[in-house]
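Listed below are the residues making up each chain.
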Amino acid sequence: MKKNTLAKQIIFYVALVAVWQIVSMTNVWPNNLFPSPYDVAEDLVYTASDGSLFFGIATSLLRLIIGLTIAIIGGMLLGIFMARVEIVNQTIGSLVLGLQSIPSVAWVPLAILWFGLTDGGIIFVTAIGSMFAVTIATYTGVKNINPHYIEAARNMGAKGTQLSIYVLIPAAFPYLISGFKQGWAFAWRGVIGAELLFSFLGLGFLLNVGRQLNDISQVFAIMLVIMMVGIAIDGIIFKRIENKVMSRWGLR
Amino acid sequence: MTKLEAKNIVKYFKHDSHRLKALGGVNLQIEDGEFVCLVGPSGCGKSTFLRIVAGLETPDEGEILFDGKPVTTTGPERIMVFQEGALFPWLKVQDNVEFGLKMAGIPKDERAQISKRYLDMMQLTKFADSYTYQLSTGMKQRVAIARALVMDPDVLLMDEPFAALDAQTRDLLLVEMQLIWEKTKKTILFVTHNVTEATVLGTKVAVFSNRPSVIKKIINVDYKRPRLVEDQNLFPLQQEILSELRPEVKKN
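Keeping their order, the protein sequence lines are chains A and B.
For the first sequence, my numbering gives the first residue as 1, with consecutive numbering after it.
For the second sequence, my numbering gives the first residue as 1, with consecutive numbering after it.
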């Protein structure tokens, strides 16, 4: 990031917190509905110091990682099949588009009935809510591979699984990475949504506890954490992979 | 000994709703170790013919015999060098060169030994760890040729590999290509639209007619090597080929 941009962002966030502090001090809204930045910070320190915050983050992230891994593997397999076998695309392809339009939380009732109030249910919601985004990106990516790559590889003796692992997946990677990014975003929404509705651990659960205890600072604090984890994963993991891929593929 | 034989190859192109007869019965016999250049007006289907020999496309009529046996699929005994190289951007130069060996299940050490020989031959040793986006067009074609030679194919199929190169780089590669051919004794089928290139490289030049293409004439080039682009003694032959080509180009 350019120095200049960073400076602007710091000024922006400082100003935002200042405005927030001022608004909360005017008491336009009562403090139990609109906490001050200080209240939120205090709550963050408190939940951090007793470990419940980190345990919550770790729980949610673990569920996310398992769910997203399933989504990525399943989504890529399905996407490759759709791209390489026309009949799969014509049939399952249309179903995938439909399934993709179902918001992850809409899978929650099904998950509860199938898996009960378990981790399995949350992972199911996470995986199924993000898988089809990966599928569609994989399909698009494989379809857009320079056909000469595939021909050259086949010519040199690559076929079947070998062709998929050594050519299709790496060649489609610029698309895959955007699919993973989208998948991760859906998965994160899925985890938090599902935890909110039926969990006893995790960030979604902590958020729900905040609501039940009428603890507005905690609600704000957890939402902030959810956002920051999101920014961190996007910026640290995906940005790096993306940069590497883009320069490697000569796209930059 | 006859290495390759094309028997009455017919191929239609799908053009909107109607079919266009591209190849109108191509017959060609190539002996082991010959260097045959295919020239013809653009769009005459000479590249398609090459792809059929590679087994990347199937003819609508006729067949290709390789060592007397009909060709049904693509395979590493007939390796194609594509016009733009079709190198894999996700692999380093050395890994690109070793790709076919890896597909054949050859262990890493052995692969490195084999690829080193061809990296040396193509003067690529110091680029072994580069990615393809870091290379010039000429260097990329060297990698493409090394990647093909590593497979030790019986037949090398080259589809206008020097078309995108600047004149100096091309002249250099034209000389090197002759040395490679003399050293490796490969049978080479080389598509070009450049008559000079054809006479410099080929032991034979096959002239394609306009669509539906047949081989109009085969001209033998008996002249000492290495031949240079500026060699005046090749001029009469080039004129002869051009006089065959000119009416075909006009029909277009």
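Don't read these hints as lab results, they were simulated from the structure.
Mixed in with the good hints there might be a few duds.
Stated by the list, open to error - A partial selection of chain B residues facing chain A, derived with a Cβ cut-off under 8 Å:
hint, residue
1, 76
2, 89
3, 90
4, 103
5, 104
6, 106
7, 127
8, 151
9, 180
Glycine included, each C-beta is placed from N, C-alpha and C at the ideal position.
A quick look at each hint next to the structure:
no.: 1; hint: 76; verdict: 5 Å, holds
no.: 2; hint: 89; verdict: 5 Å, holds
no.: 3; hint: 90; verdict: 4 Å, holds
no.: 4; hint: 103; verdict: 4 Å, holds
no.: 5; hint: 104; verdict: 6 Å, holds
no.: 6; hint: 106; verdict: 11 Å, violated
no.: 7; hint: 127; verdict: 15 Å, violated
no.: 8; hint: 151; verdict: 6 Å, holds
no.: 9; hint: 180; verdict: 18 Å, violated
Violated hints, in rising order: 6, 7 and 9; the structure is consistent with all others.
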